[in-house]
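Top line first, the protein sequences correspond to chains A and B. Using our numbering, the letters of the first sequence map in sequence onto residues 1 to 144. Using our numbering, the letters of the second sequence map in sequence onto residues 1 to 477.
Just so you know, the hints here were simulated from the structure itself, not pulled from any lab data. Do not rely on the hints blindly, as some may be mistaken.
[What the hints assert, rightly or not] Here are the simulated BS3-like pairs of lysine-lysine, each with C-alpha atoms no more than 27 Å apart in a straight line:
#1 Lys2(A) / Lys207(B)
#2 Lys28(A) / Lys158(B)
#3 Lys28(A) / Lys177(B)
#4 Lys2(A) / Lys420(B)
#5 Lys420(B) / Lys207(B)
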Amino acid sequence: MKTLIIGYGNNSRNDDGIGHHVIAELAKRALLGVTLETAHQLEVDYAETVRGYDRVIFVDAAIPESQAPWTREEVRPGLQSHAVAHYMTPADILGLCQTLHGCAPTGVLFSIRGNDFNFGTTFSPATQQAAAEVIEQIIKMETA
Amino acid sequence: MTDTNTITINPVTRIEGHAKITIHLDDVGNVSDTRFHVVEFRGFEKFSEGRFFAEMPQITARICGICPVSHLLASAKACDAILGVDIPRPAKLLRELLHMGQLTQSHALSFFHLSAPDLLLGWDSDPATRNVVGLIQKYPDIARKGIRLRQFGQEVIKTTGGRKIHPDFPVPGGVNKALTVKERDILRAGLPEAMASAKFALELLQKYQAANSEETNTFAAFDSNYMGLVRPDGALEHYDGKLRFTDLHGNTIEDQINPSNYLDVIGEATEPWSYLKFPFIKAQGYPDGMYRVGPLARLNIADKISTPEAQKAFTEWRAGSNCIRTSSFHYHWARLIEIIYALERTAELLDDSEITSTDIIVIAEPKNAEGVGVIEAPRGTLFHHYWVDEYGRIEKANLIVATGHNNLAMNHAVRVIADKYVKARELKEGMLNRVEAAIRCYDPCLSCSTHAVGKMPLVVELVDPNGNVVDTLRRDA
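With the rest of the complex left out, here is chain A (with noise of 0.2 Å):
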């Protein structure tokens, strides 16, 4: 299986950008026939880039409002219509996807729980936690 690990976000804000975290930490692990990518947004571009592969994790902060430190969901392929074309969801990149060639790789996300927005490249210590805990989960998947 062939595996895309996307960490988005803003990484001049803190715990947004701990999906790069996430995947900084990941490529120590050399982790077989993953690749990995970094990305401040996700772009239309990410419906080219998706392509080719069998599954696609997405790791992205959540607001502070959400219920748990970080949660994981199923991505189906769908689209939404929202204000600005650079923003996608991961949901229309993989709907994109399916548009352009007829088929899309399996989606999940991963969501950490972000405490911390302010400008900065640090992380609060509870989504520094919850990271170490997605890592884990997202080893077992590559590794199971």
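Starting from the known structure of chain A, arrange chain B on it as the hints suggest.
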């Protein structure tokens, strides 16, 4: 005194510079004035004061997430000037390679994602689908070419500079990463497909122009001066070169001006209703000294293009037009010719034996109290001018971005469109589309939000002299 009515379009955009448009009518319903207001205050020139000059590339890159490369390069050049150094040739090649990637991705984004939906889906089609998503759904093959062309440009940036957005690659004195042989070969391998897509796009546009020549030749068309960089032999140039100014007839006003001396030629005015400055040619005064920059201007001022396929396209550009293209629509045409040039120039750079050299930086102490860095960003000429104290701290910064140069022109484009489409007190949906389309021709950083994916709320109100709303045109989110 004549009372006026005002039509306000707000927000037109949701960019790194928000904007609105007001169209002023006189008592009999004719357009008396139009204004393109930039209402967001950024403040980079002010909050940079006190920072060490070498930080400026990374600070100013954050002006924009679409064109950080342009600011990085102009800023690095200004820093080079403060250091008083001529950077190593391999570093210049690599910076230009980064720049060609930027031109490719930015122009591809502008055409395929932001403007092609109007052309292919219809100007007056449902806004909810008249966008890149709608394009993907109706013309997936065309959309895919555009996506992959933009991706190639971004791969050039990422491979050369280390990352797609805000690379820290250009630094004072050179660059901080060499290109490996393997990286060079990966980029080379992507060129044929990218060039095929670029040529496809040009043919697509030319077919559209042929079928709609009356509109495309006159869309927001007006006379103006033009400015841009050219090589010593007058050829199109984006990274280095000297400034050339031409008038509405294509006659040269000023030529081979050292960009460091731009203030000898360019003045800047301000208006109380906009945070964006209004540059003008000093010799002609404000606002008569309006000029345009960007792809249309660059092809109007250049004598030739140094690469063969782009030169062929340029010959068609010049044919039958008495050398000057005045229609704002032709920015799209010029943009596509420039993609072809950027790809050919990318090939030339990758074939240069020094592109993989590791002689990429010179270390020096600051020697000069000020430095100017100028490049042709995708949208037009970009100036970064820094003044520093004896410790290298910024005392003052002056940034003139392409959107600024085109400010007067964009105001004028809106006026031309409003004159044609705003009739008396009747507001038509088509007016909104055309006004937005006129702005998109200039591809300011406003373009992202002038083409929101069917969700941009637009409210146009016609208000009488007593402040009563007499008509409303609304496009809801």
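When the hints from earlier in the document are held up against this structure, which numbers fail? 1 and 4
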